[in-house]
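Novice: Here's the letter readout for the chains.
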Amino acid sequence: MEEALLGDILSSYQGKKEELIPILQEIQENFGYLPEKVMLSIARFIGIPESEVYSVASFYAQFRLLPLGRKRITICRGTACHIRGAPQILNKIEKAIGIKEGETSSDLEYTLETVACIGCCALAPCIKINTGIHGEMTQKKVKELLPR
Amino acid sequence: MSERQCTVLVCQGTGCVSGGAEQVCSLLKKEAEALNSLATIEIKHTGCHGFCQQGPLVVIEPEGILYTKVQPDDAPDIVRFLLPEVKPLKRLFYHNPVTGNPISRYHDIPFYNKQERAVLKHCGNIDPEDINNYIAVGGYQSLNKVLSEMTREQVIAEVKNSGLRGLGGAGFPTGRKWEACRKASGNEKYVICNADEGDPGAFQDRSVIEGNPHSILEGMIIAGYAIGAQLGIIYVRAEYPLAVKRLKIALSEARDKGYLGKNIFGKDFNFDIHIFQGAGAFVCGESTALVLSIEGNRGMPKPLPRSRTAESGLWNKPTLLNNVKTFANVPLIIARGSEWFANRGTEKSKGTAIFSLTGKVANNGLIEVPMGITLRQIIYDIGGGIPDGKAFKAVQTGGPSGGCLPAELLDMTVDFDSLIEAGSMMGSGGMVVMDEDTCMVDVARYFLDFTQRESCGQCVPCRLGTRQMFEILNDITRGEGRAEDIELLLELSEAIKHGSICGLGQTAPNPVLTTLRYFRNEYEAHIHEKRCPSGVCMIQKESS
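Residue numbers (the numbering used here), protein chains in the order written: chain H, 193 to 340; chain B, 918 to 1461.
Hints should not be assumed to be uniformly reliable.
[Unchecked claim] Within a straight-line C-alpha distance of at most 27 Å, the following computed DSSO-like cross-link-like pairs (lysine-lysine) qualify: (1) H:K332 - B:K1307; (2) B:K947 - B:K1004; (3) B:K1100 - B:K1234; (4) B:K986 - H:K335; (5) B:K1162 - H:K208.
None of these hints come from the bench; they were simulated from the model. Keep in mind it's a predicted model, so treat the numbers as computed, not measured.
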């Protein structure tokens, strides 16, 4: 099934070098991350060494080489969010779900990440849970959004 | 008897959407339908009004009443009190965060009436997902004028005469860049819009894209004509999914109308625009890194000596690279003339600047002001001052490449050159206000944390230098600073500034340099007294 999905995705590309990043983005959107086997297939499809695919995948912050949890929590660490208490919110969330920044829980329920800026600076501090943005975060809101 | 017509503008920017604006909009439509009043009440969804902190925002026209923090439950009342004439709902008025005074009309709110909204003029009153809205306010008429009445050289001359400078950060004269691209040899040329907006604390580009995407497209097409390009690319960061969605819709509409594609406006001019989504690398805001990224590589800036992107950029072809706001200004310059543009602003910085005013300031949001306004006017007249009775301490401009300016500089005028003189820079327009509870050493540490994470790693001064500075600052904020650390930070700053390949490294020391210049006493307190004057840093005192 994985192979069929991969074939489907690659069928709309021509195998040019400049398609590498869009292909990686589409793979990640469908698979949730970039599996090693898939990166090898992409290398063969474009005709470049696997190391080059890996080098691009590991350079950009968007790409994940490990599977995501069902609830992906992203804390914004932009300037406005920082001075309005983002580090304390991160701390509180780490305690609430029991994992640290950059980790995924062993039951694949949560992934916790930070991002340089979501672009909602007037609502700082902000977090995202999957695609939903939550602004003006407080310790209380953390408890409401992530009950133990 | 003619019925009163009114329009209810509902902000659908990312900030308001996160507060429930989509539900507000659909409930308003339902209520208007239930009252059988869809003919007289138009519920229109718009892009970002800029006052995200007060959102979800709703504006009632023609009265110009602003409702703030609107919830779906408010929809029935809002609609019920629109006809036969509006009875404003006091509970939804804006209240000045410092004085508590309610203000009903947005024209009376200093946050709005002290701005000069040119680029942002239609962000908040047109539906960004309907090209006819843009056309109704004069959209694509500048493109028509350019293609039917102006030569490429005349277009470039207008942009040069306007004095427009790049609004992505560096402030390079736009007309000169266009001219360099036009003169570059070769028939294959490209136009790239840098919508990577990586500065944390900045969201102007996001708002312009979400609020008025066609203004950017029109600017890019005019640029394409001027320099002789066939393809434009918008490099937009993947962290802005709503902006990407609005761009895709706008591109499809522009193609349907013939503003993109072959023989635009019946002329011998073909141009199309594609979207490329950035993959989360701040360094790709640098032009050579951005180009490498589009080509499918790691975004590692090219060292000198190298050709200018205008002569050899994407796939080694002449490439014009400008920021979102720079392109959005172009249709305005063509429509109203370069003289109109040059009459605003200061002698060397023409036109307006867009800032995201955030942090410890009463009114947080996006503002557009003429170049030459003072920091005090921005922070106090428009921003409403510092809330909670706290004292102003500093304002940070220019993102991680910029610096922190103290209270003594509140009366300085804001433009490209004066900010550089003060040790900061315009950058992409982030303006973060800090109060007495902000530790300036922690702020410097915060920025170095950011830059050393984002360093591409190819050159030693940046890769190791920013790391070293970060570790020293970390030690200082933990009470482990040493007496020689300040001199060491200054020495490292010089080395990194002069030795780094690109702007990321070259400007990385700026937050440290400005905080040392203006707030040295805070560093000294941390180092010699093991004390954080603002009470932010957790410093364990050794028991004596």
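Novice: Next, verify each hint and record whether it holds.
Specialist: Verification of the hints:
1. Restraint check for H:K332 and B:K1307: satisfied, since their Cα atoms lie roughly 24 Å apart, inside the 27 Å limit.
2. Between the alpha carbons of B:K947 and B:K1004 the distance comes to roughly 20 Å, so the proposed pair stays at or under 27 Å and holds.
3. The straight-line distance between the Cα atoms of B:K1100 and B:K1234 is roughly 12 Å, inside the 27 Å bound, and the hint therefore holds.
4. Using a Cα cut-off of 27 Å, the hinted pair B:K986 and H:K335 holds, with the two alpha carbons roughly 22 Å apart.
5. A distance of roughly 25 Å separates the Cα atoms of B:K1162 and H:K208; the hinted pair therefore holds under the 27 Å criterion.
Checked against the numbered hints above, the structure violates none of them.
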